[in-house]
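2 protein chains.
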Amino acid sequence: MRFSPLLDELIKSLQVLPGVGPKSAQRMAFALLERQRAGGRKLAHVLEQSLDRIGHCRQCRTFTEEEICPICANPKRALGGQLCIVESPADVVAIEQTGQFQGRYFVLMGHLSPLDGVGPEELGLDRLADWLAAEQFEELILATNPTVEGEATAYFIADIARSHGVRVSRIAHGVPIGGELELVDGNTLSHSLMGRKAFAD
Amino acid sequence: MRFSPLLDELIKSLQVLPGVGPKSAQRMAFALLERQRAGGRKLAHVLEQSLDRIGHCRQCRTFTEEEICPICANPKRALGGQLCIVESPADVVAIEQTGQFQGRYFVLMGHLSPLDGVGPEELGLDRLADWLAAEQFEELILATNPTVEGEATAYFIADIARSHGVRVSRIAHGVPIGGELELVDGNTLSHSLMGRKAFAD
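Residue numbers (full-length UniProt numbering), protein chains in the order written: chain B, 1 to 201; chain L, 1 to 201.
Bear in mind the hints are in silico, worked out from the structure with no lab data behind them. For clarity, every value in this text was computed on a predicted model and none was experimentally measured. Using N, Cα and C, we set each Cβ at its ideal position, and we do this for glycine too. Heads up, a few of these hints could be off.
What the hints assert, rightly or not - Ranges of calculated distance between the beta carbons of each label pair, as one might list FRET restraints: (1) L:177 - B:171: 54 to 62 Å; (2) L:114 - B:177: 43 to 51 Å; (3) B:196 - L:115: 55 to 63 Å; (4) B:23 - L:114: 24 to 32 Å; (5) B:79 - L:21: 35 to 43 Å; (6) L:21 - B:23: 14 to 22 Å.
What the hints assert, rightly or not - Derived lysine-lysine pairs resembling DSS-like cross-links, with alpha carbons at most 30 Å apart: (7) L:23 - L:12; (8) B:12 - L:12; (9) L:42 - B:197; (10) B:42 - L:12; (11) L:42 - B:42; (12) L:23 - B:12; (13) L:23 - B:23; (14) L:23 - L:42; (15) B:42 - B:23; (16) L:12 - L:42; (17) B:12 - B:23; (18) L:197 - B:12; (19) B:42 - B:76; (20) B:23 - L:197.
Same shape as in the complex, but just chain B:
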């Protein structure tokens, strides 16, 4: 025998969460039933609400429960004519926390990965092309991850942007601030040398 049918089903359902196998699911189920009944009820309610109401922003594709996300809806964000391309909503939050960027975003929700069936359409690049055609942007900033797939995606999008006459830039890659040169990997160090800039007087 295993646990009671309902408890077995709970343990199985929890394994839909990424990184959760049978043992952690069992630990989670026990913790919820023993000590976290109120928190568990809240989770069930919020999860159902979220799945019902959270969709993608019609303009930038980030997660939002509105038709248009707060950033896209803010007319001030359109002033500079800058559009930043990122892979995930978490990247939007990370860039927003720097306070350095006042433009708008386009969230790919992934990167090009033909083997996994993720092509331009899955990343909404047709919608991006429509947007670039409809509105005159000053600059498109590529902030995809510095991985092989992220770089390939950046090259692909740069071509689209140039065909619409938009200036394209890529965020700088190099030695992290506060890092020590001898601890940085060779690839990052080469990028850092190739990307060197004139030293300010």
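Here the structure of chain B is known, so what remains is to put chain L in place on it, guided by the hints.
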């Protein structure tokens, strides 16, 4: 800014799960919204159902959605007059899988831990005493964990059982089957020596 209010709430609610911090909660929320909407809905439903319906068996305290769990409800399990004391419902499953035990269980749902406010009452030991008084058991098998707390709990329960005239045994501790002597810790090896038995001819 953070994510949209509802997404923020989902990420916060997921952190009620043990071992889930802000980063994993974010990864879980994204995975559910992007790829696992059906699985997420199922989880929300089963979680709510479980919290509503799963309680403790009135007799042995294990998790069950019935009044009395299937093991306690099975009259065959009462025949040998054996009662096995374990700390958690997971231990019941582990022992059931051996197929070696045909008696009934009493699940403490923890171990004595005065610093955490877990005393005899929290472990249902008054109910255990009532049960031992109401029914004549042949043997009470202590299968609490071989930790300091588990041992203390075992000693405490042994006293209760003896005062009801029930024979008390403790599961054997020693070198695990398939293990190598040189890799076993000293404490286990001492137990294994102290618990030696006459060699069968």
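Hint check results:
| no. | hint | result |
| --- | --- | --- |
| 1 | L:177 - B:171: 54 to 62 Å | 57 Å, holds |
| 2 | L:114 - B:177: 43 to 51 Å | 49 Å, holds |
| 3 | B:196 - L:115: 55 to 63 Å | 59 Å, holds |
| 4 | B:23 - L:114: 24 to 32 Å | 29 Å, holds |
| 5 | B:79 - L:21: 35 to 43 Å | 37 Å, holds |
| 6 | L:21 - B:23: 14 to 22 Å | 18 Å, holds |
| 7 | L:23 - L:12 | 10 Å, holds |
| 8 | B:12 - L:12 | 22 Å, holds |
| 9 | L:42 - B:197 | 54 Å, violated |
| 10 | B:42 - L:12 | 10 Å, holds |
| 11 | L:42 - B:42 | 15 Å, holds |
| 12 | L:23 - B:12 | 23 Å, holds |
| 13 | L:23 - B:23 | 20 Å, holds |
| 14 | L:23 - L:42 | 23 Å, holds |
| 15 | B:42 - B:23 | 23 Å, holds |
| 16 | L:12 - L:42 | 20 Å, holds |
| 17 | B:12 - B:23 | 10 Å, holds |
| 18 | L:197 - B:12 | 42 Å, violated |
| 19 | B:42 - B:76 | 36 Å, violated |
| 20 | B:23 - L:197 | 35 Å, violated |
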